Amino acid sequence: MTPFVRNLLILAAVAVVIVVFQAETALATASTLLRFAFFIAIGVVAYFFWRDFARREIQLWPSRQQWLFYCAVALFVVDLGWFLFAHPQARDALAFFIVAGVCVYVAVRTWLDQRRLT
Numbered sequence: 644m645t646p647f648v649r650n651l652l653i654l655a656a657v658a659v660v661i662v663v664f665q666a667e668t669a670l671a672t673a674s675t676l677l678r679f680a681f682f683i684a685i686g687v688v689a690y691f692f693w694r695d696f697a698r699r700e701i702q703l704w705p706s707r708q709q710w711l712f713y714c715a716v717a718l719f720v721v722d723l724g725w726f727l728f729a730h731p732q733a734r735d736a737l738a739f740f741i742v743a744g745v746c747v748y749v750a751v752r753t754w755l756d757q758r759r760l761t
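Here the sequence shown is numbered in our numbering, starting from 644 and rising by one per residue.
Hints are not guaranteed to be accurate.
[Unchecked claim] Pairwise CB distance ranges, derived in the manner of DEER restraints:
(1) 736 <-> 665: 46 to 52 Å
(2) 696 <-> 651: 40 to 46 Å
(3) 743 <-> 673: 23 to 29 Å
(4) 661 <-> 709: 48 to 54 Å
(5) 672 <-> 696: 24 to 30 Å
(6) 743 <-> 703: 25 to 31 Å
(7) 653 <-> 691: 34 to 40 Å
(8) 737 <-> 676: 37 to 43 Å
(9) 652 <-> 747: 38 to 44 Å
(10) 705 <-> 674: 42 to 48 Å
(11) 737 <-> 644: 42 to 48 Å
(12) 674 <-> 707: 38 to 44 Å
(13) 676 <-> 705: 40 to 46 Å
(14) 747 <-> 703: 19 to 25 Å
None of these hints come from the bench; they were simulated from the model. Quantities reported herein were computed from a predicted structural model and do not represent experimental measurements. Yeah, the Cβ is synthetic: ideal placement off N, Cα and C, and Gly gets one too.
Sequences and hints are given; from them, build the entire structure.
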């Protein structure tokens with residue numbers, strides 16, 4: 644038996660157990676908790692990266708570029724949180740990707756401009 648078939652059988656067995664014991668509510672609750680934990684983990688990793696590497700460099704930038712960079716990051720975090728918890732469809736999902744793209748562009752462009760000047 645190949646590992647692919649074995650893994651599909653294990654997945655099917657887990658699905659059967661969930662259906663037999665009517666554990667859909669528990670599964671939805673666990674999914675929501677994992678979504679919160681994932682969002683918090685992303686925030687913690689970003690904070691540690693900022694604290695260890697970026698903070699000292701960003702403090703040397705002019706105040707306008709600092710505000711622009713931090714606002715782009717804050718808007719991206721709000722946009723990502725909305726995407727993870729609201730499950731947007733169609734136009735809302737497109738809006739998420741446009742806002743996220745603009746935030747990433749502004750943050751990266753500001754960072755690259757400041758690195759070129761130093």
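Quiz item: Hint numbers the structure violates, sorted upward?
Solution: 1, 5 and 8
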